[in-house]
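Between the sequences and the hints, there should be enough to build the whole structure, so can you do that?
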Amino acid sequence: MLLTSIYVMLGLALVLGALLGIAALLFKVEGDPVVARIDAILPQTQCGQCGYPGCKPYATAIANGEADINQCPPGGDAGVHALADLLGVEYKPLNAEHGLPKPKSVAFIDEATCIGCTLCIQACPVDAILGAAKHMHTIIASECTGCELCLAPCPVDCISMVALAETPDNWKWKYPVFPIKALPVDSGKVPS
Amino acid sequence: MNTIIQFASKLIKNLATNTANDIHKFHGGVHPDGHKYESTTRPIAQLPIPQTLTLPLRQHVGYIPKLKVKVGDYVLKGEMLAEAEGTVSAAIHAPTSGTITAIEEAVIPHPSGLPDMCVTLTPDGKDQWKPLTPIDWKNTAHSELISSLRTSGIVGLGGATFPTHIKLRKDRSSAIHTLIINAAECEPYITCDDMLMRERAEEIIQGIAIAQHLLGAAKVVIGIEDNKPEATQAMAGASQSLTNAVVTTVPTLYPSGDARRLIHLLLGVEVPHHKRSTEVGIQVFNVATVLAIYRYFAFGEPSVSRIVTVTGNVTTPQNFEVLLGTPIPLLMAAAGGAKPDTTHFVMGGPMMGFDLPTLNVPVTKAANCIIAASPALFAPPPPAQPCIRCTRCADACPVNLQPQELYWFAKSDNFEKARDYNLFDCIECGCCTYVCPSNIPLVQYYRYAKSEIIALDKAQEAADLARERNDFRLARIEREKLERAQKHAERAASAKNNEAKPELAETEKTTSNPDAVEAKKAAIAAAVERAKALKLAAANIDAAKTGTDLPVQAESTPDNTLPNIAEAKPDATTSATNEAQAKADKQALIAAAIERAKAQKLAAAQTGATPKNTENLSAKVKAEIDEIEAIRTKAQQMIKSKAPD
Ligand code: SF4
Ligand code: SF4
Ligand code: SF4
Ligand code: SF4
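Going line by line, the protein sequences match chains A and B. Counting in full-length UniProt numbering, the first sequence runs from 1 upward without gaps. Counting in full-length UniProt numbering, the second sequence runs from 1 upward without gaps.
Keep in mind that the hints were calculated from the coordinates and are not lab data. Bear in mind that the values here come from a model prediction, so they are computed numbers and not experimental data. Ideal Cβ placement from N, Cα and C applies to all residues, glycine included. Among the clues, some could well be false.
Stated by the list, open to error - Quick list of simulated restraints, FRET-style, between CB atoms:
id	chain 1	residue 1	chain 2	residue 2	range
1	B	142	A	152	52 to 60 angstroms
2	B	487	A	17	48 to 56 angstroms
3	B	474	A	99	19 to 27 angstroms
4	A	166	B	474	27 to 35 angstroms
5	A	166	B	51	24 to 32 angstroms
Below, the structure written as structure tokens:
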């Protein structure tokens with residue numbers, strides 16, 4: 001009786017072990033899921049302000065415990081919160097050493113001044129600059145992440161950052177706030 | 001006994017279906033005060049042509065149309081000002097004949113109060129139509145009709161402003177079997193559809209016939225709320241000419257005019273929340289929209305006017321047929337003017353509309369109603385209290401949502417949860433706000449959460465794109481590196497094969513790269529100087545003739561830019577605004593730059609002075625250097641010639 005139960009358990013262990021082994025082979029996870037998940041939270045501005053040459057390297061550094069979670073200014077406070085949630089660590093405010101969050105802007109090339117040196121193209125981490133040698137260059141605004149990496153290399157300083165303006169297209173409804181006023185209220189809002 | 005009961009119930013059911021139309025009540029809904037009477041006592045009035053018309057390009061859902069006119073153009077009534085661009089877009093037409101006097105940003109009727117691109121037309125008073133071509137819709141191919149409709153500028157006039165030509169396309173998988181005409185007009189105060197049906201039922205019915213033909217719908221159901229008996233009568237009388245059409249009255253219950261609610265009411269079909277009604281074979285049109293379709297096909301008239309209800313705190317509430325672009329103050333004046341205690345103006349209804357940022361905005365295709373609001377009509381809500389979880393909001397929600405949960409999530413910025421609770425199914429009908437005993441402005445929270453989520457989604461999309469492009473770029477750089485290494489290896493190998501001095505080939509390989517880099521650096525330095533000189537010159541020219549056109553563009557070849565600058569210079573120097581200070585600065589700068597470039601060139605020459613390196617320079621780099629050389633001499637000459645003045 002004792003032996004049979006041992007055999008049964010042994011048999012079960014073998015079968016399940018084999019199953020697990022097969023499953024491990026079949027559903028093998030490519031790459032490091034933690035890095036990918038951290039990378040998914042990072043804003044992909046690829047600006048390098050975190051001290052790493054891009055978001056993926058920063059994600060890798062976080063995953064390896066080499067970097068803190070509060071080094072990405074474009075991600076802002078919300079980004080730090082999301083990272084803290086994901087990694088199960090304490091939230092900490094953004095490290096000002098790495099810069100402060102700025103309103104989203106895109107680069108703009110003064111095409112009259114551009115000498116077509118192609119240096120900015122080489123600096124752009126997302127290939128958002130269009131141009132050929134000695135021809136004026138221009139920014140594909142929809143693909144510019146606003147990383148500002150093209151500003152420094154430009155030898156004639158013809159690239160500037162333009163903050164995105166609010167238009168009816170990207171306008172957002174505001175969080176409801178209620179001014180406290182003495183009655184009678186003269187600018188009451190309709191319940192809508 | 002059982003059989004008797006069954007028989008009896010069957011009998012009752014049959015009787016019911018035979019006598020009255022099946023009405024399938026939807027969940028929730030509220031009964032706000034209608035206030036419809038005020039504006040239905042007078043017929044629809046025509047407003048005279050105003051002094052100016054302002055036509056925002058953004059009047060519909062979808063892409064901004066492409067401008068086709070410029071300032072100073074004379075246009076006839078109905079001429080296209082902007083043409084639909086992309087799939088979801090609609091054209092804009094001249095509402096009357098006149099001259100385009102401005103194309104600029106102006107405040108549009110939008111809750112943001114932000115300006116947007118508008119075309120301003122100054123009418124000449126003749127109101128002369130362009131030559132109109134009616135379309136024989138019965139004998140024209142469907143695709144032709146649709147592409148023609150694309151140029152008509154007709155959009156959903158019930159307020160949704162979705163381009164109509166898209167709704168009439170036939171390329172969807174499931175055929176449309178039922179066409180529903182939305183004449184419920186459930187929102188309080190608004191009566192434009194009601195008056196339209198009373199006065200123009202015939203035309204509406206003909207429009208329905210066209211829409212039915214275009215969709216191939218077997219059945220037509222016209223749904224009207226039972227608070228509009230005159231309209232129902234008119235429509236029932238006129239609809240005799242339609243095949244297989246019924247006019248059905250639905251009980252007055254807000255929001256029966258919401259498309260999905262109306263479908264449920266009339267057909268008992270619940271459209272799954274992730275599907276469009278067309279996926280279950282139902283299409284819904286507003287009465288004003290089908291009327292516009294009729295006018296387009298029967299007379300060739302594009303969308304240039306609409307009916308607007310002006311009501312609320314005005315002396316004579318009334319419906320007006322107005323040209324699009326008419327300033328709303330004119331409308332107010334036509335309705336006798338707003339009474340003195342008016343506090344603000346609402347566009348759309350009191351439930352789903354929004355407060356106009358300013359009255360000085362034009363009528364757009366979406367403007368179905370303008371309400372002057374006063375504290376007497378719309379008492380300011382008492383301060384919001386905490387939610388007491390009474391779930392009255394859930395009982396009132398016609399979409400079967402859990403408004404109290406949504407409120408909780410929206411309030412705490414818990415957007416993922418809000419989305420999970422189907423925030424995007426919320427039609428912002430305001431029923432929940434209406435019933436909430438704590439006076440919580442629930443819909444405001446939902447609007448806030450929705451626009452935040454939409455913005456986040458957009459940011460996520462952009463981030464994904466950036467990630468993809470960054471990955472691609474890194475891969476490309478890696479690949480290029482490999483390719484270069486391969487090329488070098490090949491060259492080295494071939495050099496060996498040609499039994500040329502292998503050591504030389506080796507040294508060439510190692511030295512050529514830094515040399516090329518140096519040459520490139522020198523070229524860039526030279527170009528920098530050039531651009532600096534250009535910038536300064538440009539600045540000077542700018543200073544000299546402010547307000548005139550831009551300085552000379554840096555063309556593809558630098559050779560022609562310098563002469564241009566030289567030409568432009570007299571301009572700059574002759575003008576009195578040229579300060580000596582700036583000139584000295586400029587000269588110093590240029591001189592410094594030339595010094596620098598010289599030093600750089602020297603360095604480049606020193607490192608790469610061996611004959612095998614010049615051999616190794618590509619023809620392109622050589623040409624570049626020559627060119628820069630030429631420019632430099634030119635620049636020097638320029639400086640010299642400039643020194644005297
Ligand atoms: S700081 Fe810049 S590069 Fe670093 S993670 Fe943030 S966006 Fe990416
Ligand atoms: S770096 Fe500056 S000058 Fe060079 S191509 Fe880019 S914008 Fe033009
Ligand atoms: S009706 Fe108002 S108080 Fe009641 S549950 Fe809904 S939000 Fe809360
Ligand atoms: S506004 Fe949204 S949540 Fe409130 S009742 Fe209407 S559909 Fe439901």
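Looking only at beta-carbon atoms, does the pair residue 166 of chain A, residue 474 of chain B fall within the given range of 27 to 35 angstroms? Holds, since residue 166 of chain A and residue 474 of chain B (Cβ atoms, about 34 angstroms apart) stay within the stated range.
Can you tell me whether the CB distance of residue 142 of chain B to residue 152 of chain A sits inside 52 to 60 angstroms? holds, 58 angstroms
Is 24 to 32 angstroms a correct range for the gap between the Cβ atoms of residue 166 of chain A and residue 51 of chain B? holds, 30 angstroms
Return holds or violated for the Cβ distance of residue 487 of chain B and residue 17 of chain A against the range 48 to 56 angstroms. Taking Cβ atoms as reference, residue 487 of chain B and residue 17 of chain A lie about 52 angstroms apart, which means the hint holds.
Is the gap between the beta carbons of residue 474 of chain B and residue 99 of chain A within 19 to 27 angstroms? holds, 23 angstroms
Violation of the numbered hints given earlier is absent; every hint is satisfied by the structure.
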